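Colleague: Residue strings, one per chain:
There are 2 protein chains.
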Amino acid sequence: MDNSNKIGTYNFVAEPFHVDFTGHLTMGVLGNHLLNCAGFHASERGFGIAHVNEDNYTWVLSRLAIELDDLPAQYEPFSINTWVENVYRLFTDRNFELVNKDGKSIGYARSVWAMISMQSRKPADLLGLHGGSIVDYVCDKPCPIEKPGRIKVSSDQPADVITAKYSDIDINGHVNSIRYIEHILDLFPIDKFKEQRIRRFEMAYIAESYYGDTLSIYKEEKEAGCFDIEVRKNEGEVVCRSKIQFVPNPSE
Amino acid sequence: MDNSNKIGTYNFVAEPFHVDFTGHLTMGVLGNHLLNCAGFHASERGFGIAHVNEDNYTWVLSRLAIELDDLPAQYEPFSINTWVENVYRLFTDRNFELVNKDGKSIGYARSVWAMISMQSRKPADLLGLHGGSIVDYVCDKPCPIEKPGRIKVSSDQPADVITAKYSDIDINGHVNSIRYIEHILDLFPIDKFKEQRIRRFEMAYIAESYYGDTLSIYKEEKEAGCFDIEVRKNEGEVVCRSKIQFVPNPSE
Numbered sequence: 001m002d003n004s005n006k007i008g009t010y011n012f013v014a015e016p017f018h019v020d021f022t023g024h025l026t027m028g029v030l031g032n033h034l035l036n037c038a039g040f041h042a043s044e045r046g047f048g049i050a051h052v053n054e055d056n057y058t059w060v061l062s063r064l065a066i067e068l069d070d071l072p073a074q075y076e077p078f079s080i081n082t083w084v085e086n087v088y089r090l091f092t093d094r095n096f097e098l099v100n101k102d103g104k105s106i107g108y109a110r111s112v113w114a115m116i117s118m119q120s121r122k123p124a125d126l127l128g129l130h131g132g133s134i135v136d137y138v139c140d141k142p143c144p145i146e147k148p149g150r151i152k153v154s155s156d157q158p159a160d161v162i163t164a165k166y167s168d169i170d171i172n173g174h175v176n177s178i179r180y181i182e183h184i185l186d187l188f189p190i191d192k193f194k195e196q197r198i199r200r201f202e203m204a205y206i207a208e209s210y211y212g213d214t215l216s217i218y219k220e221e222k223e224a225g226c227f228d229i230e231v232r233k234n235e236g237e238v239v240c241r242s243k244i245q246f247v248p249n250p251s252e
Numbered sequence: 001m002d003n004s005n006k007i008g009t010y011n012f013v014a015e016p017f018h019v020d021f022t023g024h025l026t027m028g029v030l031g032n033h034l035l036n037c038a039g040f041h042a043s044e045r046g047f048g049i050a051h052v053n054e055d056n057y058t059w060v061l062s063r064l065a066i067e068l069d070d071l072p073a074q075y076e077p078f079s080i081n082t083w084v085e086n087v088y089r090l091f092t093d094r095n096f097e098l099v100n101k102d103g104k105s106i107g108y109a110r111s112v113w114a115m116i117s118m119q120s121r122k123p124a125d126l127l128g129l130h131g132g133s134i135v136d137y138v139c140d141k142p143c144p145i146e147k148p149g150r151i152k153v154s155s156d157q158p159a160d161v162i163t164a165k166y167s168d169i170d171i172n173g174h175v176n177s178i179r180y181i182e183h184i185l186d187l188f189p190i191d192k193f194k195e196q197r198i199r200r201f202e203m204a205y206i207a208e209s210y211y212g213d214t215l216s217i218y219k220e221e222k223e224a225g226c227f228d229i230e231v232r233k234n235e236g237e238v239v240c241r242s243k244i245q246f247v248p249n250p251s252e
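Just so you know, the protein sequences line up as chains A and B, in that order.
Residues in the first sequence are numbered consecutively from 1, following the numbering used here.
Residues in the second sequence are numbered consecutively from 1, following the numbering used here.
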C-alpha cells in the first residue's frame with residue numbers, strides 16, 4: 001500500500017519560549033503543534049476546518065494520547081508526521097509520530113475527532129464527508145502506543161481552583177484545549193519535572209467551559225507516578241479528564 | 001545607505017491557538033515572535049545568544065514597546081522585519097515592523113537590550129562585541145513610534161495576586177518574559193477586549209522572578225483607557241512594569 005500521499009510531514013524548531021525550565025519542548029506546545037498538523041493535513045486534502053465550515057460543520061477534538069521517549073531540546077529541529085488511521089461514522093482516529101533532529105522516532109500520539117453541526121452541535125456522518133473521500137486517506141502506518149484509556153477520579157477535594165481568564169479563551173469563546181494541558185501540569189511542583197519526565201499524557205475533552213467559569217481540578221495518584229485528573233466547571237459538569245504517567249528521568 | 005543585509009524578514013501564520021476570542025493574534029504570541037525574530041536576526045549575523053554564550057555573556061531584554069493599527073486574524077500570513085537602530089556601550093535598540101498579508105505595515109515595536117556576564121550578571125561593553133561588528137548592522141529604517149516611556153504605579157492594592165507555576169518558568173529558571181504579558185492582560189475583563197483594542201503596549205523588565213514567587217500585580221488607570229501596571233514579587237521588589245493604551249475598536 002502506497003502511503004506517500006497519506007502521511008503529512010511538518011517541520012518545526014523548539015523555540016526558546018516553547019521549552020520549559022529543563023530546556024525541553026512543553027507538552028502544551030507539542031499539543032498545539034499536533035493540532036496544527038492535523039489542520040494542515042486535513043486542509044491539504046480537502047476536509048480541513050475551513051472546508052467543513054462551508055457546510056456548517058466543525059471538527060471537535062475528543063481524545064488525545066501522547067507517549068514519549070524524549071522531547072526536542074531548545075533550538076533543535078524536529079518533525080511531526082500525521083495520518084488518518086480509521087474513519088468511522090461518528091469518529092475518526094488520527095495518529096502522529098514525533099521525529100527528532102536525527103530522524104529518530106521519539107514519540108507517538110493518537111487523537112479522536114468528531115465532526116459536529118455548527119447549528120445543532122450534533123455529530124455528523126463522517127463517511128459522507130467530502131463525497132466520502134476522507135476514507136481514501138486511511139493509512140496503515142503503525143502507531144505503537146495504546147489507545148486512550150479510561151480515566152476515573154473520585155476525589156472531591158480539588159487540587160486547584162482557577163477562574164477562566166481572557167488568555168484562556170479561543171476564537172470560539174471556549175477555554176482552549178491547550179490551556180487545559182498547561183493548567184493541569186501546573187498542579188505539579190516543579191521538582192516533579194526535575195526528577196521525572198512525562199512518559200504518557202492523555203486528554204479527554206468532554207464539555208466546553210467559558211470565560212469566568214470556575215474550574216476545579218481534581219487529582220488522584222492511581223499508582224506510583226500515574227495520575228488521573230478531572231476538571232469540573234462551577235462545581236458541577238465535567239469539562240475534561242487527563243491521565244499522566246511520570247517515569248524517572250534517565251538523565252538524573 | 002544600503003539596508004538590504006541589515007533588515008531581517010521572517011514569515012508567520014496566525015495559528016488557531018495563537019489568536020484570542022476576537023480571532024486576532026494575541027499580544028503574548030506577537031511578543032514571542034518579536035523575540036524570536038531578534039534571535040534569528042542576531043544569530044544570522046554572528047551575535048546571537050549561542051555566540052555570546054561562548055564568551056559567557058547573554059542577552060537580556062530590558063524594554064519592549066509595541067504600537068498597533070491592526071493585528072493578523074486567524075490563518076492570515078504576516079511577516080516581521082527587524083533591524084538594529086542604535087548600539088551604545090551598555091544598550092542596543094532593536095526595532096520591528098509588523099506587515100500584514102497585503103504587505104501593509106500594521107504596527108511597529110521598539111526593544112532595548114543589554115548584554116550581561118553570565119557569571120557576574122554585570123553589563124558588558126557592546127561596542128567590543130564580536131570585534132565591534134554589531135555596529136556594522138546599524139540601520140536607518142524609520143520606526144515611527146515613540147520610545148518606551150516612564151511607567152509609575154502608586155497603588156498599594158493589588159488587582160491580582162498569582163503564584164509562579166511550572167508553566168511560567170523558562171530554561172533559565174525565571175518566569176518568562178511572555179508570561180508576564182499574559183498575566184497582565186488577564187487583569188482585564190473580557191468585555192474590555194470586545195469594545196476596545198490595544199493600541200500600545202509597553203513592558204519594562206526590571207528583575208527576575210522564580211518558581212513559587214508570589215506576584216502581586218498593581219494597576220492604575222492614568223487617563224481614560226491608559227493603564228500603568230507594576231508586578232512586585234513577594235510583596236517587595238518590582239519585577240516588571242507595563243503600560244497599556246486601549247482605544248475603541250473601529251469594528252464595534
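One thing to keep in mind: the hints can contain errors.
Just so you know, same-sequence chains aren't split out, so a pair can sit in one copy or run between any two.
[What the hints assert, rightly or not] Dumping the calculated DSS-like pairs for lysine-lysine here, alpha-carbon to alpha-carbon at most 25 Å:
hint, residue 1, residue 2
1, K165, K222
2, K233, K165
3, K194, K233
4, K165, K101
Since the hints were made in silico from the structure, they are not lab data.
As the structure is a computational prediction, the values presented were derived from the model and not from experiment.
Colleague: Does each hint fit the structure? Answer for all of them.
Modeller: Here's how the hints hold up against the structure:
1. Taking identical chains as interchangeable, the C-alpha atoms of K165 and K222 lie at most 25 Å apart only when they sit on different chains, with a minimum of 24 Å there against 31 Å within one chain.
2. For a Cα distance limit of 25 Å, the shortest separation of K233 from K165 qualifies both inside one copy, at 13 Å, and across copies, at 21 Å.
3. Only between protomers do K194 and K233 lie at most 25 Å apart by alpha-carbon distance; the minimum there is 24 Å, versus 31 Å within a single protomer.
4. Taking the closest pair of Cα atoms, K165 and K101 never come within 25 Å of each other, the shortest separation being 36 Å inside a single copy and 29 Å across copies.
Violated hint: 4 only; the structure is consistent with all others.
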